[in-house]
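Since each chain sits alone in its own frame, please combine them into the complex, following the hints.
Protein chains in written order, with this note's numbering: chain A, 1 to 459; chain B, 1 to 160.
Because the hints were derived from the structure by calculation, they are not lab data.
Remember, predicted model here, so these are calculated numbers, not experimental data.
Heads up, the beta-carbon is just placed ideally off N, CA and C, and yes, glycines get one too.
Possibly wrong hints are sitting among the right ones.
[What the hints assert, rightly or not] To give a feel for the contact side, a few chain B residues facing chain A, derived at Cβ under 7 Å:
#: 1; residue: Thr120
#: 2; residue: Phe127
#: 3; residue: Ile129
#: 4; residue: Arg131
#: 5; residue: Trp143
#: 6; residue: Ala144
#: 7; residue: Gly154
#: 8; residue: Leu158
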Amino acid sequence: MTRFDLLRSPFLARLLRSRWPRLILSVAALAGFVLAIAAGLAGTPVGSRNFGIIAVWIAWWAALILVAVPLAGRGWCSICPLPLPGEWLQRGGILAPAARRRGLGLRWPRRLRNLWIQNAGFALLAISSTVILTRPAVTGALLLGLIGAATVVSLVFERRAFCKYLCPIGGFVGLYSQVAPVELRVRDAALCAAHREKTCYVGGPGGEGCPWQVFPAGLTRNSPCGLCFECLRTCPYDNIAVNLRPFGADLPRPAGRRLDEAFKGFLMLGSALAYSAVLLGPWGEIKLAAFRVGTPEWAAFAGGFLAATFLALPGAFALHVAAGRLLAGPRGNFRETLASYSQALVPLGLAAWVAFSLSFVFSNLSYLWPVLSDPFGAGWDLFGTAVGAWTPYLGAAVPTLQAGILIGGLAWAAGLASRIGHRLLGDDQRTSRRALLQASPVVGFAFVVTVVQLWLLIG
Amino acid sequence: MPFSTSRSPSTPANHAAARPAAWAGFLSLALVVLLVPVPTGAASGERTIRIAASSYAYDPGVVSVNPGDRVTIELVAQDVVHGLYLDGYGIQLRADPGQTARLTFTASRPGTFRFRCSETCGPLHPFMIGRLSVGPNLTLLRWAGLGLLASVFGLWILRR
Chain A
1 MTRFDLLRSP
11 FLARLLRSRW
21 PRLILSVAAL
31 AGFVLAIAAG
41 LAGTPVGSRN
51 FGIIAVWIAW
61 WAALILVAVP
71 LAGRGWCSIC
81 PLPLPGEWLQ
91 RGGILAPAAR
101 RRGLGLRWPR
111 RLRNLWIQNA
121 GFALLAISST
131 VILTRPAVTG
141 ALLLGLIGAA
151 TVVSLVFERR
161 AFCKYLCPIG
171 GFVGLYSQVA
181 PVELRVRDAA
191 LCAAHREKTC
201 YVGGPGGEGC
211 PWQVFPAGLT
221 RNSPCGLCFE
231 CLRTCPYDNI
241 AVNLRPFGAD
251 LPRPAGRRLD
261 EAFKGFLMLG
271 SALAYSAVLL
281 GPWGEIKLAA
291 FRVGTPEWAA
301 FAGGFLAATF
311 LALPGAFALH
321 VAAGRLLAGP
331 RGNFRETLAS
341 YSQALVPLGL
351 AAWVAFSLSF
361 VFSNLSYLWP
371 VLSDPFGAGW
381 DLFGTAVGAW
391 TPYLGAAVPT
401 LQAGILIGGL
411 AWAAGLASRI
421 GHRLLGDDQR
431 TSRRALLQAS
441 PVVGFAFVVT
451 VVQLWLLIG
Chain B
1 MPFSTSRSPS
11 TPANHAAARP
21 AAWAGFLSLA
31 LVVLLVPVPT
41 GAASGERTIR
51 IAASSYAYDP
61 GVVSVNPGDR
71 VTIELVAQDV
81 VHGLYLDGYG
91 IQLRADPGQT
101 ARLTFTASRP
111 GTFRFRCSET
121 CGPLHPFMIG
131 RLSVGPNLTL
141 LRWAGLGLLA
151 SVFGLWILRR
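Chain B extracted, bound-state conformation (with noise of 0.2 Å):
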């Protein structure tokens, strides 16, 4: 019997049969992209960062710390009482007005983390919130890159 090399004609009932290998396909790779471990070799030490929080905004509202280093929050409350507490870190601290509070913490849990006003403030407290990214976030990338998976999956695979 001689060798075909021409391809199967994509018809409903071989797409539907290569279905299942495509899920596994997929899930493998999605788990490598979600899980691959990836070095991030920055050096970690001792950071004071002093934070302004006035009319619900946080000054800084962006912070970077590197994996690992010993980190003081200085709150400034600027006009009234104001918090923060950091979510992943379960760790809060209030600022009376014209007053700084501080907090020492170890940034042993790496990724992109929001902190939010802890004390309310105002009509506006509960969306006052700032991010604190400690490495790269790798997070935001690995996720992205499972977008572009679901995409080629989503546009392949789930047409039927």
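This is chain A alone, in the form it adopts within the complex (with noise of 0.2 Å):
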């Protein structure tokens, strides 16, 4: 498959090797989330007024959904401010590691290196998202929380235990940075085995051992790695590549998918449905059912998007991989099965959260310059802009522009079902006829949640 490493260009290359730039803008990102969580904490209670809320979920969200997470995959967690303070403390230095880190320097649990908690995390968060996508003050107080939990962690444990076991958003941005067309490998892997000191991982002069704890050549697909860029600098042999590639390379691959990434995939695919519905759709009672945190009707709705996105759809997700297996005659594992099956959920899932983004982030855009002009909504107009009318941008556009990323999304589901089938059963004329059997009840299953998520759209 086609790559280029983009660190052919000298000056890419000495942009990279800098920790300055990545420095400045993660020092930007965490002014801008400071100051989120003060408008948050002290500005006034009325979401479509208060920075917090339109520069967080409208604004950042946008900018991490629709640009960041499809073109740049990780590049978000490289520059994101939430373990930064952590960071700082645990390695003793703001721009380079200090010669000896700080904090206890556990390992992370042995039987907790898995998304289940990610997972747990996110779902925690998904349950209570209409309260804290319009309360300054819960906004407010859940970055502060995030932060405050990402310092402890790197006290506590080695490197960045908290973005890669806890962080509920960068368990959401790894799954979808596998389709970025962006990556970052070694350019010869003999090279690495053979060299003894291993300093991408351990550390040596150059920089610190890689934070996010991964060998850069076992890397076969993006999630695992941050985009750091540190072993760039602790590389003695210019032996890391940083490519550019066709979207979606790491997907179609059936060894090694672990149930916990299948369960991300519809937590995060369920996750859109339900957001679609409840934050979109027309049905009142059940937007005031997940705002009412506490009360038994909140308990109602968060247990039926626990029940629906834990049981229903992967129970209904296994049966079409079940009927796809009677079919094309077992064979395999069903497990392993199943989960290699569920990477054609990530196309389909990112492209339901780009459609349902589209709608929510394009009708309530224009809140964002009043509260840039006014941030605390204290009457202040530091820009001129704080006196804005609310308007729907692209309103005559979006319902297209959403139902074509859903069929895209759903064609490159079946594609890459269809791509499973085949490396699972193989590719020659007798077994084609078989794979494409076994797949053909996912892509039936993708074309249903893609119907059911256009009827929530557009419907």
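In structure tokens:
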């Protein structure tokens, strides 16, 4: 598959090796988040007039889901301000690590080295999201809590354990980073294997060991790599490449998929559907139930959400995979087949999130200009934009864009399911028919999910 | 040379050769599905629709009219000030608490459109949304048809 190494450009190589660009962007993002926290906690309780709500859930979210994740994968994680104070304390330096690290430096417990805590954290956010998205104080407290948790974890456990195992946003970004047309890989894996010191992993004169605890030669997909480019600085052989590649190059890989990753896909897809129904649907009772956290109706909503995303959606998907195995003749382990086909949920889920976000973002983006001038809703007018009328953008074009993106995601998911089938069963004339038969029910599942999302968004 | 009726094997080379033709076929069918005219014979007339707005919901939340109908919306704000902005038509009205606001327009564009509150009315204000269908929702059916086409295309053609 075609790759182009961006580090062939001396300018880009210098830019990515330097710690300054990342520090500048991280500090700018941290300043924005600190302002969002302050506005959330001390500003107006009216969400649409508060910088904390609009900057985080409209501007940042739009930049993340519509641009950063599809195009740069974990690029956001590289400059994310949430773990920044903890990372600075842990390594004893702001720009570069000090000679001696601080904190307890414990290893993350082996039994927790998976995505289940991230999944649970995201589910917890999802069932509370109607309040988080609309109450500035809750958004402020959440961001502060995440920074605090990341700092504590950095001082107790080694490296970026928070980002890798706990951060609910990191899990989301990691899953969909697999579609991005950018990857960090090694140029020659044999060179890494022969390199005894493994400075990319343990650290060396050029910098610290991989904060994400990744051995770059073992990277086969984007999810584990935080794109901090520290390995560029520690590799003595200049053996790291930052490639431009086709979209979704990580995905058709049947081997080594785990159920926690599969459930991440179910959770994300289910959340996109649920958000579209709750936030963008015409059903006021569901909105109020989702908003009244702690009440019996909220408990019913939360129970329904959890049952749908952790039971109904995976159950329906498993039935479709089982039907495919029945049609094609069972071969291999069912669990592995299920986990392999769950990769088809990645383009499907990303398309669902992008389509949902288009409506959500463009109908509310005009709130951004007033809050830039008056972040606390205190009557300021810093840039002369405080008195801006609400105007939905691209109102007539958004439904067509949403539908096009959903259909594109469906075609991609169908192609991916077909490729997975062919990799699982073989691609010669005899096995190709069986592979198509096995993949067909999964494609049927994707089609039904897409039609439901179409109905929710443009129906 | 005898005429052979056997099918050519499904090799990667054959598959690659068939790809441009498959793309052309898919795009042609997609255009047909999206653009082929479908007659909708409903008669147009005068419609008055009373919509009650309270606590982040419109009642009714889903409204249907016929293309060409002269539609009068009566918006009644039952608790606090509410607004109604109709996507696609770009029209809006505002009702003060306990008051009724009226707006008349011609439903000249068929399709399904969201209407949303245009006056900050509380925490869930950005999500106070309703739906207006002008005629049958052919757009949804067309896109669902395209989805079926995309599924087959993806399964068969995009496997490499």
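Structure-based check of all given hints:
Satisfaction of the interface hint for B:Thr120 is found here, the shortest Cβ-Cβ separation to chain A being roughly 5 Å, below the 7 Å cut-off. Interface restraint check: B:Phe127 against chain A, minimum CB-CB distance 5 Å, threshold 7 Å, status holds. At about 6 Å, the closest approach between the beta carbon of B:Ile129 and any beta carbon in chain A falls short of 7 Å, and the interface hint on this residue holds. Satisfaction of the interface hint for B:Arg131 is found here, the shortest Cβ-Cβ separation to chain A being roughly 5 Å, below the 7 Å cut-off.
The beta carbon of B:Trp143 is positioned within 7 Å of a beta carbon in chain A (closest approach about 4 Å), and the interface hint is therefore held. This hint holds: B:Ala144 has a C-beta 5 Å from the nearest C-beta of chain A, less than the 7 Å allowed. For B:Gly154, the suggested interface contact is upheld, since its CB lies about 3 Å from the closest CB of chain A, less than 7 Å. For B:Leu158, the suggested interface contact is upheld, since its CB lies about 3 Å from the closest CB of chain A, less than 7 Å.
Taken one by one, the earlier hints all hold for this structure without exception.
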